[in-house]
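2 protein chains.
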Amino acid sequence: MTSRTPLSLLALGIALALPAHAYEGMWMPSQLPELAKPLREAGFEGDPASLADLTRPPLNAVVKVGGATGAFVSPDGLVLTNHHVAYGVIQYNSKPEKNLIDEGYTAADRASELPANPDYRVLVTVGFDRVTDQVLQAAQGKTGRAYYDAVEATNKRIVSECEQEAGMRCSVATMYYGADFYRIKQLELRDIRLVYAPPRAIGNYGDEIDNFMWPRHTGDFTLLRAYVGKDGKPAAYSPDNVPYRAPAHLQIATDGPKEGDFAMLAGYPGVTYRHRFASEFKERIEWGLPASVEVLNDLIDIVQQRGKTDPAAGVKYASQLSSLKNSSKRFSGELEGLRRSNAIQVRADAQQAMYAWLAKSGGDAKATRANIDQAQALLDGASAMRERDLLLNLLPLQTQLFKTALTAQRWAQERGKPDAQRESGYQDRDLALIEGQFKQVQRRYDAGMERALLTELLGRYQKLPDAQRLPEFDAAFGRDAASLAATLERVYSGTRLGDEATRLALLKADPATIQQSDDPLLALAAQLQPAFLRKEEQGKQREGDLLRLRPAYMQALMGYYRSQGRSIFPDANSTLRVSYGTVEALHPRDSVTYSPVTTVAGIVEKNTGVVPFDAPKPLLAAIAKGDFGSTADPVLKTQTVNFLTNLDTTGGNSGSPVLNARGELIGLNFDSNWESVSASWMFDPRYKRAVHVDMRYLRWLLAKVQPAPQLLKELNLPAE
Amino acid sequence: MTSRTPLSLLALGIALALPAHAYEGMWMPSQLPELAKPLREAGFEGDPASLADLTRPPLNAVVKVGGATGAFVSPDGLVLTNHHVAYGVIQYNSKPEKNLIDEGYTAADRASELPANPDYRVLVTVGFDRVTDQVLQAAQGKTGRAYYDAVEATNKRIVSECEQEAGMRCSVATMYYGADFYRIKQLELRDIRLVYAPPRAIGNYGDEIDNFMWPRHTGDFTLLRAYVGKDGKPAAYSPDNVPYRAPAHLQIATDGPKEGDFAMLAGYPGVTYRHRFASEFKERIEWGLPASVEVLNDLIDIVQQRGKTDPAAGVKYASQLSSLKNSSKRFSGELEGLRRSNAIQVRADAQQAMYAWLAKSGGDAKATRANIDQAQALLDGASAMRERDLLLNLLPLQTQLFKTALTAQRWAQERGKPDAQRESGYQDRDLALIEGQFKQVQRRYDAGMERALLTELLGRYQKLPDAQRLPEFDAAFGRDAASLAATLERVYSGTRLGDEATRLALLKADPATIQQSDDPLLALAAQLQPAFLRKEEQGKQREGDLLRLRPAYMQALMGYYRSQGRSIFPDANSTLRVSYGTVEALHPRDSVTYSPVTTVAGIVEKNTGVVPFDAPKPLLAAIAKGDFGSTADPVLKTQTVNFLTNLDTTGGNSGSPVLNARGELIGLNFDSNWESVSASWMFDPRYKRAVHVDMRYLRWLLAKVQPAPQLLKELNLPAE
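Line by line, the protein sequences are chains A and B.
Just so you know, we're using our numbering here: the first sequence kicks off at 1 and counts up by one.
Just so you know, we're using our numbering here: the second sequence kicks off at 1 and counts up by one.
Read the hints as simulated data drawn from the structure, not as lab findings.
Predicted model, so just to flag it, every value in this text is computed and none were measured.
Do not rely on the hints blindly, as some may be mistaken.
To be verified - Think about it this way: if two alpha-carbon atoms lie no more than 16 Å apart in a straight line, the pair counts; the simulated EDC-like pairs of lysine to aspartate or glutamate are:
hint, chain 1, residue 1, chain 2, residue 2
1, A, Lys606, B, Glu294
2, B, Lys185, B, Asp129
3, B, Lys606, A, Glu336
What the hints assert, rightly or not - Between beta-carbon pairs, the in silico distance windows are:
hint, chain 1, residue 1, chain 2, residue 2, range
4, B, Arg130, A, Thr608, 47 to 53 Å
5, A, Val610, B, Arg56, 36 to 42 Å
6, A, Tyr355, B, Ala108, 52 to 58 Å
7, A, Val315, B, Val315, 38 to 44 Å
8, B, Arg56, A, Ala621, 56 to 62 Å
9, B, Asp518, A, Val610, 53 to 59 Å
10, A, Ala621, B, Trp287, 28 to 34 Å
11, B, Ala512, A, Thr608, 57 to 63 Å
12, B, Pro396, A, Val610, 33 to 39 Å
13, A, Ala621, B, Ala367, 44 to 50 Å
For every residue, glycine included, the Cβ atom is placed at its ideal position computed from N, Cα and C.
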């Protein structure tokens, strides 16, 4: 990492090849054997072949927890994940007189382990099978919407068949944008219990202020335990259930990481865009991100202003405000990072090199290029409606009652169809989720706030050029501010959807009743629905064609990579992936170096006594005492807290176990540094780092701060 | 610098001995021979004896420029100082159509060198003589005010005699709080010209945002030239004047600093409090700083609020607001730093150790301790009025017209006395300064703003306990908000001091006319004057006794230091001092390291194109070109900008030359890091750093960015 000159030149907009992306890659386990050489060069001491099958140890110890990741760490179903991933479980078990978020929790014995909210799940992947031929056969010869529907239908059938087996949750994962399909079969553990959680002031030390920041000092971990019926099969909570005998578990290491050490990580990264077209990078950077930040910041202003004059409304929108701010901050950071990495130029150059290689290749090269050009034309066409589409996407996302009405109309429309033919999200399996949303509205809705947000978004719509307008919207809201205000006044003063019972009744009501309802908001949703459906239909047409055509781009990329002796991983899609790399310092800017391991000294330095820097007294006392025993770092001579690696991660990797060269658990992934927010699009090895809890900190907390000797014993670890 | 554990413990309030203060010290040149051993250990290659006399080379190349420092760098009177020290000169030569602040300036030849504002001075120290016996003899046997007056009278006489010699400016410096006195004789060069200044976007790159910050990327330097009459004597500007033949000059080095290198610096540090009583540290930290920050922040709010509703007033108070903010920020930083260094405890422990040593010493130990105890009692007594004194000090500082009226009354009172007997600041030599202040009011006064500020300060006064109240103030303003408002309304609606001619006339008016003026503001000042004089008188009584008694504390400290084989330097007092140490990295907090040398990559990283990060296009182009020639760092392979040392500095050290082990000029001091704002009280070697312009950056700018080959030649440097 000596990048002083490249950095300055990059920032000046001068195109330069980035350093080799040595540790870029969210690899499918099956790809690891082909990476044996670089794995060993990075320091891995095990057999790469042992990592190839995610249904065998050690990868079958890695589980999906909520939308994130965790790992079995004992034979008795003990699961280690992040405090923030288990947050709902801790909150669910908190009472006003016993707030486990604030106090933390240690189950004295198994009987004291607290049941999670009933919808909380741990999924263990037990099958991962290629179904590409089956899926593509059905779609063969089709285009557009027909292609999309054929793939969807096959996928639904595969899922349905797979879920015939009791206790299984199945899905079909699309790899390489449609080049490959895999059926994923997961054991669905439904009785999950809280075993050990540090207090918020350890588990979320620094909170939003330190979020994305390094140096970090957060004990972001929690221990859960999965239970099953006496027959060993998944079951809902019952006091008679027994701990799940995990097929494999990870052993926490007794020594810790230091700069340069090998590290690897397994988890369920959500979504990346690394293999998108150069034009998509350009559009994201030049339009998508700046435009999103602009409209989000306007919405933030509205919520903040109204929240000041109407504090009760402010409270209801606190969560939405926080989410808006988080999105705006993330988008801004992503933009900053992509610019710093000169992403438009770098990606354009890489694509150009690939095309040059393709032009010289034999075989199907011409047909491949023709398909790529078709895909490019589709992408270019989609840009024509981008301003409108941004607003249409935000309407249901930023509203409560308006979204309810749209969902109710859609639900009414889909309900009449056989379950398998319904739109995803409106099948019977989705009903509980929709009901939850309808209930949640009660805590999050304020009429004045929703009208203000709609006035902003629809006001922006009214200013769009004619080519992007929708007749249904123009008919409903007119073309000026006065008519928009009049419509909103009429609709919101008349609607009865503010009442929870009324909303919930919609889920059982006769479709025609909903569609012909005289409730003005339901009627408005019915009036607008054709516009939303038309947009969806156009989207599916395009998606279908892209699903058909993008694989050409991916195949060209694969061939080009192969010609250079490099492997290529499919963009992340919430399936199990493995990253490897090293513990590495960060040079965020000129003259500044962040060492890759933090210590408890930083907790004391940051501590103000005020949330979120209000470390508990027992922690401060233990730090002052300096009694770190076997968990102290042998060189730093003090207790470490978090560490940094160059591993390739993204959202969904929360809770991913980090392993050392011998496959022992040394860390728990929980965040990225701010400089790598742009990594979902571009992995820049100068800045991309992942942030982990050092397992020695966990061990020390369990030994000295919030003692749990029974757990240290179960974890097969020294008592101190 | 391995301070992880000490830091955490310190922050917890646990008393620990700080690391040895290896490089603490603003030494009088005469002390350097006794420091020969540590100087050589630090890496100095010259003869320490050569540094003993500040009237001989190399120290006589170091000059006082404005309130700061500079150095001769050529035989022809070329002076190197900071851009911010020469700012007034650059501004004075700017015109709307030719803004030298924005554009920078390069004099093509001597004829193009631009005369500075006539009051701009460069002072060359030509005499430094101990006058302790003379001063103390006159004071012997006296106490309180009489002691103070005796010292003042002797000092004035010494100054007056010394200034008989044409072209000399003289002063008496008090060392060790009254243990020692020195007569300082300085040649007063009055024809100073602007030779070379980079544009603001180089010389002040980062401005307030980067002020006190590291990493830093500022080219904060300017070249001036001193001229004298044809007879070689100081003279006011004349086109016939000739360059001053400097008795010595510093040679700019051709190689640059790297971590661990020896460095030394000479300059005129303003004021430090390192040898104050432990109780003064405690009072500063527990009361003085927090109380000042609180009242300053209220004044900031007032100026900002009124500035919003009355933009014209806002513009007039922009400078005062900026100064208020700067003070509040500095005080907050000082408080933070002193707490981080656990200064109360550390100083109390050190004092206790000194007392323990004293108790075991023979000789005058008992008499010494008795004097110290008397001084302690005086200091404790002063605290009783601290809230009132803070407000009384702020009244003239934060007002324009109110201050004018107070000054006018005082001037009227002093004018009647023989010049030598007048209060300092009201002698004939001070008239030009007062006149300047009276003129300046015009640009900085707004009646509404001043009344709002007075309402705040006097409102606070009204809430003081009776013991701290002043009858004159109570009579003038009453004891409630209504009577205060009524007085201010009457005074400010009636005063004629808003008129510049009226103000200036006061300086020539008959004292009785002023004292009996019917102008309501002058009358108010006359009414309040006895209270201010009483406070001043009490202060002088105390100062006199402290001047008499503090030397006992210093002598005890000296003896204690001597017993440990250590030297002690007098607290800074704007006299020439030398610091030595090394180029050293900074570990500001856990896991963060700032390397001690920055590079041009940082300029590009910070550059937004918006002030203050709007590097000029030629600079960015030159960086992109990467043509650094002989000025590039041989290891970093790029152009350096600023560097960091552990040298002991404070305000007034701006423009101090930084020398390497061979006495060559490697840097120009211009700032400190934020973590060392508290260093005026406590030098904490973990955090204390000084920030310098790397002379290689100056050389590169003169060679490649804003070329001045004639100056490189005069500086005896390579052309590129």
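- Query: Looking back at the numbered hints, which does the structure fail to meet, lowest number first?
  - Reply: Of the numbered hints, 1 and 5 do not hold.
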